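Single-letter residue listing:
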Amino acid sequence: MLKVTKYVLHDIVRNKILIAYTVFLFVLSCCMFYLDENPDKAVSSLLTIINIIVPLVSMIFTTSYFYNSYEFIELLVAQPLKRTNILLGEYIGIAGSLTVALIIGLGIPICMYALNPLALTLFYTGILLSLIFTSLAFLCSVATRDKAKGMGLSLLIWFFFSVIYDGLILGILYSFSDYPLEKTVLVLTAFNPIDLGRIIVMLQMDVSALMGYTGALYKTILGTNWGLFISVAILLVWFIVPLLICVKIFKKKNL
Amino acid sequence: MIEINQLRKSFGKLDVLKGISTTFEPGQVISILGPNASGKTTLIKSILGMVIPDSGTILFEGKDTSIDPYYKKKIGYMPQIGRYPDNMKIGQLFEMMKDIRQEKAHDEELLHQFDLPSMFNKPMRTLSGGTRQKVSAALACLFNPPVLILDEPTAGLDPVAAEILKAKIHKEKEKGKLILLTSHIMSEVDELADQILYMMEGQIKFNYTIADLKDITGENKLGKAIMEYLKAETYVESN
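Residue numbers (full-length UniProt numbering), protein chains in the order written: chain E, 1 to 255; chain C, 1 to 239.
Simulated from the structure, these hints should not be mistaken for laboratory data. Hints are supplied without guarantee of correctness; some may be wrong.
Looking from chain C toward chain E, a few residues come up when the C-beta cut is under 8 Å (computed) [said to hold, decoys possible]: (1) Val-51; (2) Ile-52; (3) Gly-56; (4) Lys-73; (5) Tyr-77; (6) Tyr-84; (7) Pro-85; (8) Lys-98; (9) Ile-100; (10) Ile-185.
Computed list of lysine-lysine pairs in BS3-like fashion (alpha-carbon distance at most 27 Å, straight line) [said to hold, decoys possible]: (11) C:Lys-63 - E:Lys-82; (12) E:Lys-3 - C:Lys-13; (13) C:Lys-74 - E:Lys-82; (14) C:Lys-18 - E:Lys-252; (15) C:Lys-74 - E:Lys-251; (16) E:Lys-6 - C:Lys-122; (17) E:Lys-248 - C:Lys-177; (18) E:Lys-82 - C:Lys-221; (19) C:Lys-73 - E:Lys-16; (20) E:Lys-251 - C:Lys-122; (21) E:Lys-253 - C:Lys-104; (22) E:Lys-251 - C:Lys-98; (23) E:Lys-82 - C:Lys-177; (24) E:Lys-147 - C:Lys-13; (25) C:Lys-171 - E:Lys-253; (26) E:Lys-3 - C:Lys-104; (27) E:Lys-82 - C:Lys-73; (28) E:Lys-248 - C:Lys-63; (29) E:Lys-219 - E:Lys-6; (30) C:Lys-122 - E:Lys-252; (31) C:Lys-122 - E:Lys-16; (32) C:Lys-104 - E:Lys-6; (33) E:Lys-253 - C:Lys-166; (34) C:Lys-205 - E:Lys-82; (35) C:Lys-122 - E:Lys-253; (36) E:Lys-147 - C:Lys-74; (37) E:Lys-3 - C:Lys-74; (38) E:Lys-3 - C:Lys-73; (39) E:Lys-3 - C:Lys-89; (40) C:Lys-63 - E:Lys-253.
Predicted model, so just to flag it, every value in this text is computed and none were measured. Ideal Cβ placement from N, Cα and C applies to all residues, glycine included.
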């Protein structure tokens, strides 16, 4: 398994998109921390951007890289290696390099400017989001043979979670505004990894007090250690389940 | 050595293999022939575990191939179209294969005969189709495996390289290896193989040694013998 990872990494370090992504994150985080006197404010600006960029780049990069390394996978499948190990080796290589990009691009600026629990929470959720969207992208790539379809599907998933889902929740809130919906919304939010990640970070901030009654509810439920534990557990489920399904499909895939 | 039982495979509505059963023994050179889209490559890919059959089993030395992939250590495979990672250089590719298979190169004869070491610094994406074929052939033989599976080995090779490869196949046959090959060049099959497995529309049409086939039909040339055999068979079927 790690043999496969080794060769994926060997290929990926020269990848220009990944380098650009790392540099972009680094410059962005440094600028934010440098421009804002209050590091907490910088974190909240960063949160907005990270929540869009990290899932998007993870999705697109993974999908395109997976299809481009199709030959490599074909070559490996004819060798005495288990299919599960081939796929997981690829996953570790890709997810690992995206994580390293985040460590360099976000982790280092945080250490330089604002080493506090809030910024670290942002960093950890960023890493979880990378892992989650890499595994969703793997699922898309393994499920479809056609590159254009796979790419379209990943973009759709990203778009769904970052835009459409929130719209739907707002729609529900608006249509059923006569009913007490806080708990429903809370549950619904938990099904969207991006929203959940955002809430985990926001609850560490003072601004959560500004979110009104819903915010207060989030704070009482998710703000506790127990709530944090559940949120992280849900994020881990988001990361592991698609990967397991992906392994299952890949075992039966014809190359 | 390889035993195939009632192998079936369909891609969507298209039935590619409709119940193939046969056995391959060491020391045989078997040529899998058949018209385009008759399921030859699918059969080969099933043996290699690249295509997962819908039903049926493939036993390699008595062990089910779907359980343990380590039987592939004993197979050298040369694909019809060798596709390799673009950014990798030839030398790196060979190093990687040795590393992945955890074996040393046992047989570098083809590697040197094709003069590949002089091109070790060329990235795979810049290679011509013929050079890729040379790389595939050298890789298939590199670990001196007891089974060689060659999918249209000489297609795209220049005449000199094709002769080198044919000589190599002869040599490997003398060592008592099992060699499966597909080809559309009858003279080459006649020269290399001793047995023909003829496939048609996903089924085995016939499985004879070349000598038997020539005897049955009374033809001296393999291509003609096959034509005669098929003609006779259609004649029998239509009556």
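How the hints compare with the structure:
1. Val-51: Holds, about 5 Å.
2. Ile-52: holds, 5 Å
3. Gly-56: violated, 15 Å
4. Lys-73: holds, 4 Å
5. Tyr-77: holds, 5 Å
6. Tyr-84: Holds, about 6 Å.
7. Pro-85: holds, 4 Å
8. Lys-98: The hint is violated - Lys-98 (chain C) has no Cβ within 8 Å of chain E, the shortest such distance being about 11 Å.
9. Ile-100: Where the cut-off is 8 Å and the nearest Cβ of chain E is about 6 Å from Ile-100 (chain C), the hint holds.
10. Ile-185: At about 24 Å, which exceeds the 8 Å cut-off, the nearest Cβ of chain E leaves the hint on Ile-185 (chain C) violated.
11. C:Lys-63 - E:Lys-82: holds, 16 Å
12. E:Lys-3 - C:Lys-13: With a Cα-Cα distance of about 38 Å, the restraint between Lys-3 (chain E) and Lys-13 (chain C) is violated, given a limit of 27 Å.
13. C:Lys-74 - E:Lys-82: Holds, at about 15 Å.
14. C:Lys-18 - E:Lys-252: holds, 19 Å
15. C:Lys-74 - E:Lys-251: holds, 21 Å
16. E:Lys-6 - C:Lys-122: Status holds; Cα separation ~21 Å.
17. E:Lys-248 - C:Lys-177: violated, 35 Å
18. E:Lys-82 - C:Lys-221: Cα-Cα ~44 Å, so violated.
19. C:Lys-73 - E:Lys-16: Violated, at about 35 Å.
20. E:Lys-251 - C:Lys-122: Violated: Lys-251 (chain E) and Lys-122 (chain C) sit about 33 Å apart, past 27 Å.
21. E:Lys-253 - C:Lys-104: It is violated: about 30 Å lies between the C-alpha atoms, which goes past 27 Å.
22. E:Lys-251 - C:Lys-98: Distance ~24 Å between Lys-251 (chain E) and Lys-98 (chain C) Cα, so the pair holds.
23. E:Lys-82 - C:Lys-177: holds, 25 Å
24. E:Lys-147 - C:Lys-13: holds, 22 Å
25. C:Lys-171 - E:Lys-253: violated, 36 Å
26. E:Lys-3 - C:Lys-104: holds, 16 Å
27. E:Lys-82 - C:Lys-73: Answer holds: Lys-82 (chain E) to Lys-73 (chain C) is near 12 Å, not above 27 Å.
28. E:Lys-248 - C:Lys-63: At roughly 23 Å apart (the allowed maximum being 27 Å), Lys-63 (chain C) and Lys-248 (chain E) satisfy the hint.
29. E:Lys-219 - E:Lys-6: violated, 43 Å
30. C:Lys-122 - E:Lys-252: violated, 35 Å
31. C:Lys-122 - E:Lys-16: The given pair, whose Cα atoms are some 21 Å apart, holds under the 27 Å limit.
32. C:Lys-104 - E:Lys-6: holds, 19 Å
33. E:Lys-253 - C:Lys-166: Roughly 34 Å separates the two Cα atoms, so the pair is violated.
34. C:Lys-205 - E:Lys-82: Judged against 27 Å, a Cα distance of about 34 Å means the pair is violated.
35. C:Lys-122 - E:Lys-253: violated, 32 Å
36. E:Lys-147 - C:Lys-74: violated, 33 Å
37. E:Lys-3 - C:Lys-74: Distance ~20 Å between Lys-3 (chain E) and Lys-74 (chain C) Cα, so the pair holds.
38. E:Lys-3 - C:Lys-73: The given pair, whose Cα atoms are some 16 Å apart, holds under the 27 Å limit.
39. E:Lys-3 - C:Lys-89: holds, 18 Å
40. C:Lys-63 - E:Lys-253: Judged against 27 Å, a Cα distance of about 22 Å means the pair holds.
In this structure, the earlier hints numbered 3, 8, 10, 12, 17, 18, 19, 20, 21, 25, 29, 30, 33, 34, 35, 36 are contradicted, and the remaining ones agree with it.
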